[in-house]
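Peer 1: Sequence:
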Amino acid sequence: MNIYAHRGLFDNKKIVENTISAFKRALLDNLNIELDIRVTKDNKIVVFHDDNIKRLTGINRLVKEMTYNELSNVKLLNTTDKIPLLEDVLKLVNGRVTLLIELKENFSNNALKELNKLLLDYNGKVLLQSFNPVIIRKMALTSLKRYKMGILLTNEYKGFKRALYDVFIYKYLIKQKYISFISSPKELIFKVKEVSLKELLIWTIKTKEEFIKYKKYSNNLICEEKGIVRDK
Numbered sequence: 001m002n003i004y005a006h007r008g009l010f011d012n013k014k015i016v017e018n019t020i021s022a023f024k025r026a027l028l029d030n031l032n033i034e035l036d037i038r039v040t041k042d043n044k045i046v047v048f049h050d051d052n053i054k055r056l057t058g059i060n061r062l063v064k065e066m067t068y069n070e071l072s073n074v075k076l077l078n079t080t081d082k083i084p085l086l087e088d089v090l091k092l093v094n095g096r097v098t099l100l101i102e103l104k105e106n107f108s109n110n111a112l113k114e115l116n117k118l119l120l121d122y123n124g125k126v127l128l129q130s131f132n133p134v135i136i137r138k139m140a141l142t143s144l145k146r147y148k149m150g151i152l153l154t155n156e157y158k159g160f161k162r163a164l165y166d167v168f169i170y171k172y173l174i175k176q177k178y179i180s181f182i183s184s185p186k187e188l189i190f191k192v193k194e195v196s197l198k199e200l201l202i203w204t205i206k207t208k209e210e211f212i213k214y215k216k217y218s219n220n221l222i223c224e225e226k227g228i229v230r231d232k
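The numbering used here applies: residue 1 is where the sequence shown begins, and numbers increase by one.
No lab work stands behind these hints, which were simulated from the structure alone. Just so you know, these numbers come straight off a predicted model, no measurement behind them. Fair warning: there could be bad hints in the mix.
Said to hold, decoys possible - EDC-like cross-link-like pairs, simulated, lysine to aspartate or glutamate; straight-line CA separation at most 20 Å: (1) Lys208 to Asp11; (2) Lys82 to Asp42; (3) Lys125 to Glu199.
As the list claims (entries may be wrong) - Cβ-Cβ distance ranges computed for the label pairs, FRET-style: (4) Lys206 to Leu118: 28 to 36 Å; (5) Lys148 to Glu65: 25 to 33 Å; (6) Lys125 to Lys177: 33 to 41 Å; (7) Asn106 to Val195: 21 to 29 Å; (8) Val195 to Leu118: 28 to 36 Å; (9) Thr79 to Val167: 43 to 51 Å; (10) Lys215 to Tyr157: 24 to 32 Å; (11) Val195 to Asn78: 43 to 51 Å; (12) Gly58 to Lys171: 42 to 50 Å; (13) Lys125 to Lys64: 25 to 33 Å.
Ideal Cβ placement from N, Cα and C applies to all residues, glycine included.
Turn these sequences into a full structure, and let the hints steer you where they fit.
Peer 2: And the structure:
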């Protein structure tokens with residue numbers, strides 16, 4: 001069973017998501033780590049989920065409009081945690097567990113080159129994923145194709161937009177050779193299993209009951225802390 005700690009292990013009180021502190025806690029339990037990356041104004045790759053830093057800082061600014069120096073001086077949720085560079089997370093993990101890295105925006109070619117450069121010096125297992133099929137295709141045309149790449153699905157669309165999404169995703173995209181795995185919200189797994197035999201990652205598991213239920217359908221579960229069943 002491959003368990004991924006969703007944004008590390010955090011409570012957003014004493015330890016904030018997607019931070020060095022959250023990843024250190026995941027490593028203590030020998031858990032694989034899921035994390036999100038974005039690009040700053042000065043082309044630095046940082047680990048952060050939202051496009052805007054307001055939820056975790058109270059400051060209404062976009063990551064892409066700030067330099068890393070500006071971001072590095074901002075504390076998260078009244079803790080000592082700060083937004084880390086991907087480079088620093090790679091040094092911390094150092095190949096001890098698998099990293100599931102989600103690209104949260106439309107990375108430019110320069111940003112993809114920077115990501116490739118960082119990962120070339122990393123000796124651990126890495127999986128890359130995105131909601132954006134354009135990003136996945138772009139990565140598949142670069143040296144990043146050496147990594148397994150997955151499409152993240154969504155269940156947010158409704159009506160006509162949902163119908164178009166279903167045709168594109170389920171009838172065409174997930175069948176492409178460069179798609180190695182499918183990262184699915186738990187609500188869509190039965191539909192996914194009807195149309196593909198590719199490796200399936202299920203998210204987000206939030207309770208022990210969900211863990212027990214969904215481990216029957218996949219060996220790859222992306223969990224929040226309360227949903228992780230520990231063999232202890």
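Peer 1: To test your reading of the hints: which numbers does this structure violate?
Peer 2: 6
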